[in-house]
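Undergrad: Sequence lines, in order, name chains A and B. In terms of this note's numbering, the first sequence is numbered consecutively and its last residue is 439. In terms of this note's numbering, the second sequence is numbered consecutively and its last residue is 801.
These aren't lab readings, by the way, just hints derived from the structure by calculation. Careful, some of the hints might be misleading.
Derived DEER-like restraints, expressed as beta-carbon distance ranges [claimed, not checked]:
1) A:13 / B:697: 41 to 49 Å
2) A:140 / B:206: 51 to 59 Å
3) A:184 / B:152: 22 to 30 Å
4) A:197 / B:751: 20 to 28 Å
5) A:403 / B:657: 55 to 63 Å
Here are the computed lysine to any residue pairs in the SDA-like style, where the Cα-Cα straight-line distance is at most 25 Å [as the list claims (entries may be wrong)]:
6) B:155 / A:398
7) B:747 / A:36
8) B:155 / A:77
9) B:274 / B:308
10) B:699 / B:724
11) A:77 / B:757
Computed from a predicted structure; not experimentally measured. All C-beta atoms, glycine included, are put in the ideal place defined by N, C-alpha and C.
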Amino acid sequence: MKVKVLSRNPDDYVRETKLDIQRVPRNYDPSLHPFEVTREYTRALNATKLERVFAKPFLASLDGHRDGVNCMAKHPKSLSTILSGSCDGELKLWNLTKRECVRTLQAHEGFVRGVVVRFCGSSFFTIGDDKNIKQWKMETPGYGEEEEPINTILGKSVFTSIDHHHKDAVFVTSGQQVDIWDEQRTSPIRSFSWGVDSINCVRFNPVEVVNPLSGLSYPRFETQIFFKVIMTMRSNTLCWNPMEAYHFTCCNEDYNLYTYDMRYLDKPYTVHMDHVSAVLDVDYSPTGQEFVSASFDKSIRIFPKDGGHSREVYHTKRMQHVICIKWSSDNKYILSGSDEMNIRLWKANAAEKLGMLAPREKAAVNYNQKLKEKFQHHPQIRRIARHRHLPKAVYSQVKEIRIMKEARSRKERNVRKHAKPGSMPVVTEKEKHVVTVVK
Amino acid sequence: MAKSKTTRKKGKVTKMTSATVVVQGTEDDEEELHQALTEDVISASEDEGGSDDERKHCRLLEAISSLGGKTRKKLTERSEASIQVSEFTVNAEGEGDKINLSDLIGTLDKAPTALTATKKQLKNLEHNHTALDTPLTRKETEQIQRVVAFEKTSKEVSRWQSVVVQNQKAEQLVFPLNQEPSGPKRMEHVVSGWKAQTPLEQEIFNLLHVNQQPLHNPVLTQNEEATMKAMSLEEAKIRRAELQKVRALQSYYEAKARREKKIKSKTYHRVQKKVMRKEYLKRFDEMVKTDPAAALEELKKMELSRMKERMSLKHQNSGKWARSKAIMAKYDDGARKAMQQQLEVNKDLTMKLVIPTNEEDEDEVAEALPDFVNDAEPILDPINPWMRGKLSTEPAAQEESNCLVPPAAGPGDVKAGDGPDLLREEEEQVEETEEEAILRGFEERRKLRRAKDAVEVAPVVMEESEEMPTGKKAEMVTIESSDDDDEVVEISEFTSLYRGLVKDHVEPPVEPPRAGADPCVSQGEGPALLEEGLVRVRTLEDMELLGQDVSACEPAPQTTQTLSTEQTEPQSATKQADGKRKRKKMIDPNEVLTKEAKVIKVPFAPTAVEDVEDTDEQRFIIKEAFAGDDVISDFLKDKKKQESAGMPKVVDLTLPGWGEWGGGGLQPSRSKRKRFRIKVAPPPPRKDQKLLNVILSEKRNSSVAAHQVSQVMFPFTNPAQFERTIRAPVGHTWNTGNAVQKITAPKIVTQLGAIIEPISREELVKGENQAVTGKSNLRSDQGPQQKRRSQQKKKHKHKKN
């Protein structure tokens, strides 16, 4: 008679310490785990649904301004600090962790047009409608000390924007002309102008930061200086991609954003459309993979850098025209300043869980992400993942714009059909918006 | 010719002057006239070739005519003074007129201090008509500048292309980009910036210096670095593979030896011994002719064995076997013969041998020979002719073998062996020799490589060469020490056997050049090789072996007598080997190796193999449990139903009452029914027709369709591609933990609370380097240098400014 005995090696199931997780022997034989695709599909579907369930991007609103927020600036060294200037000339420093205003100062008479923090984070510059450039200390003045700027420079005309060099004590302003300033001097080192048009926005390229004083490097600041791209409508602001030296995106009054390769300015690299009103501000994520745009249509949209359409739209009932927007330097948050005097803090990834994640949580998140990516083309998942709520006004306008676009294209098609063949070449969407390039 | 030229020039000059007059006509007429006249006078005076009145007259007329009304109009014209009145007394009229060099020279003429040399130069220049263009307008220059600047910047920015593309293609990007690795740093990195200050520290550092220990940056010592350089990964891999093969072969040999040892058949052993003895005698005869010294040694050994035999008296008729034979001898012829043979052997052994050699001659020969000749032929076994090469085992094992083998191999009870047995054994031996040859080849190659290494990395040779053999020895020791003593003996026997054999083998033609090259190298390397020789006795031997082969092929003039004797020996051996080879075809090494690597078949999934009774029991239980429902018949019914549903039905389109009477109880006529019944062609056979246990439904399920992809999406070009991506599961249910981690790694990883700076120029430098070298891993010592360089560049730029 056979006697069968169970024999197990304790090494296979005994933990080394009691903190170890239990060992679970696995058999990866595929015949034991059938229906892998269907099971994973279900998981993906659930993950997508949960993502939508947890998509609650709005985190906080910072109120305190007594007029619309006109400009914002990130602190280069501290993630929790943010500066904002309003239309009544007031400037506020905020602590994001506490979600409160740390310091308020009356910077200018009239609008604060621009704020920029020096690369070291010790001081910041503001420009206003009173034609002044003021430099302020970052620290709050001690008890009894008066709130006074370190330096004040009186300009000849109104400045529209300001940007500081990322490594040198040089900053640049735009207005009637582009001026490059040394911090130590009260007059610009160089100034450039071209024609009579005033310049809206000027930005240093964060990647190619060569000393601007050397030779012919001035074209580095703004495209319009060496190449004027005349578009159908006004471009409001531009932002360089921090990871790709030659790509920048500018937001336009014609509801679109255009990403250009600075070497080939005759047509945009990508046209990003989804907004239904003028786009007022744009900022790249520090990873350079995405950018966020603020629009007059009271919404914020996040675009992938090479995608034609947005992957996310944020809006709230109370948020009015969004004037300025910033993506925090840890790639986690978005800050928007709007007309109705509030600054709002959003998550950059709507469904992301904030804070530290346990390794298993992280693994689960990664797995879900991968599943969603894998099954992204399946209709159900796609439908759920892409579903967003829009305010009624925006929704109807989107519809309207679509109809208009269709009508226009239909008309064009018809005209082409009845025109002499070859007389009406097909103009791509990219080419449509550039009128000319002036050298 | 010359004259005409000058005149032309003069004409020009005069024209100019007149023109100036015209422009300056704003002033007093009289003055003008006067001026014109004076100018003319001057020009006339300038003219050296002689004056012509006609021209003068013309000029005068012109001057007068210019006083006319035309000039009046020009009074209103305003122009800049600087254009008209130059401090160099050179006048150019408007934009259209050009200043000629001759004008300038003219002013020079006036100045008495002007150097003649410069004048000449300028005159030469005059012949050159490549005058500069007028400068462009400001607008145009700016545009050109812009275009140039744009091209320059776009070129500069294009340097980022590779980095950008690389990042786009990257599997994973970790931000912040230039992150320092967290966690504890290595001691060497921490210490690198530190300097010895106190005397104690300095002393310690001095000591370290003396011992060539790493002081500052290097993580590895110099020796370690050198070894790293000397050894490449591939080489190591090849070496390891070879070692593995060798070890495998060795283990087979061991097993074989053990097996043979266990054979109880006396005839077998007897036959073997006989064969051995025959071989030995043959050899000895040859040796007497070719190498008397070695023969003498052999003789001595024989003498020794004889003495032992005499002392032990083993071959007398006192043994167990001999006694049994003695009983048998009465009836059995064979037994009697065996007895006689043994007695003869006994006689042979106990007989005192007379050594015929004269000692003087031999001494001379010994002097003439180099020492190594004697060393190379240590005969370990006096009887076994195969025991020629040295053993790979320790000397202790050799000694053992020496002690143990002679009695066993002594000439003795050898019967008239059966023929087939012998043949078989010989064949086996041949096989052995082939395998040995393979083994040998490996070893030689390894040694050669090592020698090459030694040549290449001369300073490091010492340590490495010491390391390697010891390592190998250690391996051998471990292999052998695990076995019993007897086994050790056998192994050593076998190794020596094969050495001897391999010695005899003619190496393939690839070998000789190598063998020729290596001695040269060894000669070239002076002191290093000397030391090496001490370490690698075996290697040298091998080299000699190879050298012999070479010399066998081509006669060397300066070889001594002994060498020539050595040559003949292997030649004869090779003949033998050839003969054997004819009998048996060459064995492919691959075949040998693959034969040994047995694939053990393990059941794919652990299946529960139960006894028949158990299964029966279980089946019974299951039957009992599901007594009520007959699943199988249900399934069959279901299938039938499906099949019948799939079959096309006959469509009856007959309408009663058309063309005939209708009403209750009346059937349409048969012909009509026949006419209007439409038979549909049968559908293609079902796919599950031959599958009994399967129902294949080909209907489209609308509820499933909602979840299915209806078209090929963008990155995919065909459905198969898409399906492939979907088919591979990513979860931990189907994959191991590590695999899941790898598959699900996110594309972008950011650190919580870390500020991500824009990409820096260092990345660009890195990217360019990678593009140039094609390697992703930079050496640690290159990084800082580059950084420094870039910093220097920056400094330079600052200076410029």
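Undergrad: Next, verify each hint and record whether it holds.
TA: Against the structure, the hints come out as follows:
Between residue 13 of chain A and residue 697 of chain B the beta carbons are some 44 Å apart, a value that agrees with the proposed interval 41 to 49 Å. Between residue 140 of chain A and residue 206 of chain B the beta carbons are some 56 Å apart, a value that agrees with the proposed interval 51 to 59 Å. For residue 184 of chain A and residue 152 of chain B, the hinted distance range of 22 to 30 Å is satisfied, since their beta carbons lie about 28 Å from each other. Between residue 197 of chain A and residue 751 of chain B, the C-beta spacing of about 43 Å breaks the proposed range 20 to 28 Å.
The hint said 55 to 63 Å for the Cβ distance between residue 403 of chain A and residue 657 of chain B, and at roughly 57 Å that hint holds. Annotation: proposed proximity of residue 155 of chain B to residue 398 of chain A is violated, straight-line Cα distance about 41 Å (limit 25 Å). Between residue 747 of chain B and residue 36 of chain A the CA atoms are separated by roughly 24 Å; this keeps the pair inside 25 Å, and the hint holds. The hinted pair formed by residue 155 of chain B and residue 77 of chain A fails the criterion: a straight-line CA distance of about 32 Å is larger than 25 Å.
Between residue 274 of chain B and residue 308 of chain B, the direct Cα distance comes to roughly 19 Å. Compliance with the 25 Å bound is thereby established for this hinted pair. For the given pair, residue 699 of chain B sits about 24 Å from residue 724 of chain B by alpha-carbon distance, which is consistent with the 25 Å threshold. Pair hint residue 77 of chain A plus residue 757 of chain B holds up; C-alpha atoms about 10 Å apart against a cutoff of 25 Å.
Hint check: violations occur at hints 4, 6 and 8; the rest are consistent with the structure.
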